[in-house]
Amino acid sequence: MTGVGEEAMDVDLKSLGFRVEERRTLASGSDELLINMGPQHPSTHGVLRLLLRTDGEEIQEAVPFMGYLHRCAEKIGENVPYDTYTPYTDRLDYLSSMNNNWAWAMTVEKLAGIEVPQRAEYIRVIVAELNRIASHLVMVGTYGLDLGAFTPFLLTFREREEILDILEEISGGRLCYGYIRIGGVTDDITPTFATKCRAFLRQYVSKLDAINELLSYNRIFIRRTANVGPLSAEKAIACGCTGPILRASGVDWDLRRDEPYSIYDKFDWNVCVGKGEKGQLGDTWDRYMVRVREMYECVKICEQALEGIPEGPFRAKVPRNFKPPAGECYFRAENPRGELAFYVVSDGSKRPVRVKVRGPSFCNLSVVQELSRNMLVSDFVAVVGSFDLVMGEVDR
Amino acid sequence: MHFVPYLHEQFLSAWPASVVVLLVALIGAGIMLAWVALVALVAVWAERKVSAHMQARLGPIYVGGFHGWLQTVADGLKLFLKEDIIPAMADKWLYIQAPVLVFGGAFLAYAAIPFGPKLVVSDLNIGVFYILAMSAIVAVGIIMAGWASHNKWSLYGGMRTAAQFLSYEIPSALHLMPVIMYAGTLNLGEIVRSQETGLFGWAGIFGWYLFRNPFLFLSFICYYISSLAETNRTPFDLPETESELVAGYHTEYTGIRFAFFFMAEYANMFVAAALSTLLFCGGWNGVLSRNIQYLPDPVVFLLKCSAFIFLTMWLRWTLPRFRIDQLMALCWKFLIPLGLLNIVGSALWMYIFEQV
Amino acid sequence: MNQEAKAGEPKPPVINNSMRFRTEEAFPVLKSHFGDAVRSLSDTRPDRHILVRPGFLPEICKFLRDDPDWQCNMLHCVTGLDQAETLAVVYHLFSMPKRHFVVLKTEVLRDSPMVPTLAHIWPSADWLERETFDLFGIVFEGHPDLRRILLPDEWIGHPLRKDYEMPTHEKLRELGL
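Protein chains in written order, with the numbering used here: chain A, 1 to 396; chain B, 397 to 752; chain C, 753 to 929.
For the record, the hints were derived by calculation from the structure and aren't laboratory data. The reader is advised that the hints may include incorrect statements.
Stated by the list, open to error - List time: in silico DSS-like cross-link candidates among lysine-lysine, alpha-carbon distance up to 27 Å: (1) K235/A - K275/A; (2) K478/B - K278/A; (3) K350/A - K850/C; (4) K235/A - K850/C; (5) K317/A - K300/A; (6) K850/C - K814/C; (7) K445/B - K488/B; (8) K75/A - K914/C; (9) K207/A - K445/B; (10) K235/A - K923/C; (11) K275/A - K914/C; (12) K266/A - K850/C; (13) K75/A - K923/C; (14) K323/A - K914/C; (15) K235/A - K266/A; (16) K474/B - K445/B; (17) K323/A - K266/A.
To be verified - Okay, the calculated bits of chain C under chain A, using three or more residues with CB under 8 Å as the criterion: (18) 786–798; (19) 809–816; (20) 834–844.
We put the beta carbon where it would ideally sit given N, CA and C, even for glycine.
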């Protein structure tokens, strides 16, 4: 019987994407192994495939392979009218559909110069922040799962369920909402929406504290995550990392505050930045904790927005046969995972000429290969989990 | 097996002695097998209920009526009926042997566990030693499973097991030493009997080795930690970390072979709990003196075991998992030095305070 | 809103969006530094872009990254574009300290689309260029690892080109895919 891995000894590492100096195979007689982590693996959260070159428990390098969830989102964008593309944006980062819808709507509104009624802006902020909480809850729960703590996962999903119920009430969907449309929102909020939101937000903070106690400040958890995979601020910026990953590295940058779109300049809240409290700046604990702290801020924004909803129309008048003027437009918005940007080129017809989706997970993922060097397998799982990748957005 | 001669003389005098011994051994084994299966079934059900209630859900609720108590039986039947897959590249012989060895190791340990003063399959003089030896066989089986599956993740699981189990054999044995020094015997029944009275002749809970001296208390905690590692439970479940190694050594196993691994895990959990109970917590001795103990001995023993099993589950559903280097550091830098310290400390304590 | 429209004088829409594009301001600066390499400033709405010659792209980008007035430390996006006769690549450069965007565009011929890589200037260009290569077939010269990224390695053609035709099942079967 041949030993495990012996059949793969004569693979050219460079052609697989490993950053080795010259064309070389696995060193014969060494303990090097090539292992596929994914596309079906419990901790890659989707169909990410990582090819690991390991030496015992230590990973020498990991190469990501994507495309298993490629659904031609950009090609579809060129073949459907602008408003019809909204449901497709749901499926990009399927854990935060509201934010995707919103980014797309704002891109087209910028292109066509559509003014959105104030009521719609408030509703958009509320649902997007609720969705952000839901998305971060998934991250916190599954991250605990990656590190072997099962209980926080179910506690976070229980909270998420309540948000989904609220969003279902106004949009009819539980994962892909298609609620934020070009010019406003699909429907007005229901009469009970505000009270339900307030009730949820009131009890939510204490639940979050409980999760913090159970997981975030657990000593084993801190020892597993602190000082693991630190990402420096310069590298994060140079590699195009955005969102919580960037903030965890100590960069005080949040589009909602620094480049406010919609009505974010009306609210009082703080940007959460990693401080390296438990270890190095920008380690996985920081990346995790930035998200947890952001959820507290989302609650603040939501509460303020709920106070301020004005009366009025919930959607601007957008013609049925909507044709924006010819031109091009780039727009980005702060999604739970980073900056989602759309680049749209229009020739004045019903359909865009080109739709480019700049997914935050895609750029965030590109750092993983460098971070993976000389890292234990368990640490690598912790690092990949802390990036909170959604493959729908990476593969598009 | 003191009733074997009795049985031979009274009822089966026509049969040769060796046949009677074999017959009794087989019956004992049969009873134990049933017991192990029962323990595993109940423990799996309990684990699911405990975890469910810790996670704000209900767990199995329908099968069997009362809180889904038949759920594990149904799942067990399902596993029996599942297709048995042996990977094409697997080392077939080892692959088939591995679950048998793992389950066998766990099962054999039960032979020396006394459930009451005379309630033991084989009252060995070297009971502690025997149980430690049998649980070491489990490690061999797991390594075999990891290697034979011809799967890299399984191999990782197997290698981690080799490192983890062999390391943790040492502290778990070391931390049992002070108790053995106190009792002066390796026979589990004797050890329990020696806990009937303790310091100043106080009975009940003061007789338990756990409370005899501070070193023994420390020993107990350390032994409990290493028994968690030996039974492969969170926070030490590295050989089968589902988020890293898919399922570790049993990734490729299906159906009944997987069920054997699963049952062995819970059988082992019971052995570890039983050892903690017998050696540190007075075995079947109740909290009060034996003169006023009204519960039957096996019931007391099983209650204590259940408490330990519950504690194990509680930890599992609360804590995240260690990393392999942290696990090793805990063993070699912390538990083993403490074990040596406890041996010396207990010896001094015995010499100074108890003039043994 | 209807009443306002009837009153004549269409009020310009109020869109709160503080993204700052300084492409117009960058154009004369780049023109004075690089002369003919910088071809023109587009008049597209709402965003404009500067058309540059592909050969000088790395130099221009390096200037925009290092010049204290521009400090574009992040390559936010790389987009391929099919413009019928030519293929184009659009770069959105962002400066975090200065908070502005500069949009560059470069055009290449359909038959031999070659653009120098920016991967040594911004590491983020690595994957974004690989994606553009994958979907448009634009070759980035000097790229350290130019492989397909989203599609399988054996894929034929570049699907975001307008003239791309999806291979039929028969064709795929012929190729053994």
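Cross-check of the supplied hints:
For a cut-off of 27 Å, the pair hint linking K235/A to K275/A stands: about 17 Å separates their Cα positions. Straight-line distance between C-alpha atoms of K478/B and K278/A comes to about 47 Å, which puts the hinted pair past the 27 Å bound. For the given pair, K350/A sits about 36 Å from K850/C by alpha-carbon distance, which is inconsistent with the 27 Å threshold. In summary, the hint linking K235/A to K850/C is supported, as the alpha carbons are separated by about 18 Å, within the 27 Å threshold.
Using a Cα cut-off of 27 Å, the hinted pair K317/A and K300/A is violated, with the two alpha carbons roughly 31 Å apart. Pair hint K850/C plus K814/C holds up; C-alpha atoms about 16 Å apart against a cutoff of 27 Å. For a cut-off of 27 Å, the pair hint linking K445/B to K488/B is broken: about 37 Å separates their Cα positions. Between the alpha carbons of K75/A and K914/C the distance comes to roughly 9 Å, so the proposed pair stays at or under 27 Å and holds.
Restraint check for K207/A and K445/B: the C-alpha separation of about 22 Å stays at or below 27 Å, so the hint holds. With a CA separation close to 44 Å, the supplied pair K235/A and K923/C exceeds the 27 Å bound. Taking the CA atoms of K275/A and K914/C, the gap is about 48 Å. The hint is violated against a cut of 27 Å. Restraint check: the Cα-Cα separation between K266/A and K850/C comes to about 23 Å, which is no more than 27 Å; the hinted pair holds.
Annotation: proposed proximity of K75/A to K923/C holds, straight-line Cα distance about 21 Å (limit 27 Å). Restraint check for K323/A and K914/C: the C-alpha separation of about 21 Å stays at or below 27 Å, so the hint holds. Between K235/A and K266/A the CA atoms are separated by roughly 32 Å; this puts the pair beyond 27 Å, and the hint is violated. Restraint check for K474/B and K445/B: satisfied, since their Cα atoms lie roughly 20 Å apart, inside the 27 Å limit.
Straight-line distance between C-alpha atoms of K323/A and K266/A comes to about 32 Å, which puts the hinted pair past the 27 Å bound. Using a Cβ-Cβ cut-off of 8 Å, 3 residues of the region 786–798 of chain C lie near chain A, which meets the minimum of three, so the contact claim holds. Coverage of the region 809–816 of chain C by chain A is violated in this model, with 0 residues showing a Cβ closer than 8 Å to a Cβ of that chain against a need of three. Against chain A, the region 834–844 of chain C contributes 3 residues with a C-beta closer than 8 Å to a partner C-beta. That satisfies the three-residue criterion, and the hint holds.
In terms of the numbered hints stated before, the structure departs from hints 2, 3, 5, 7, 10, 11, 15, 17, 19, listed from lowest to highest.
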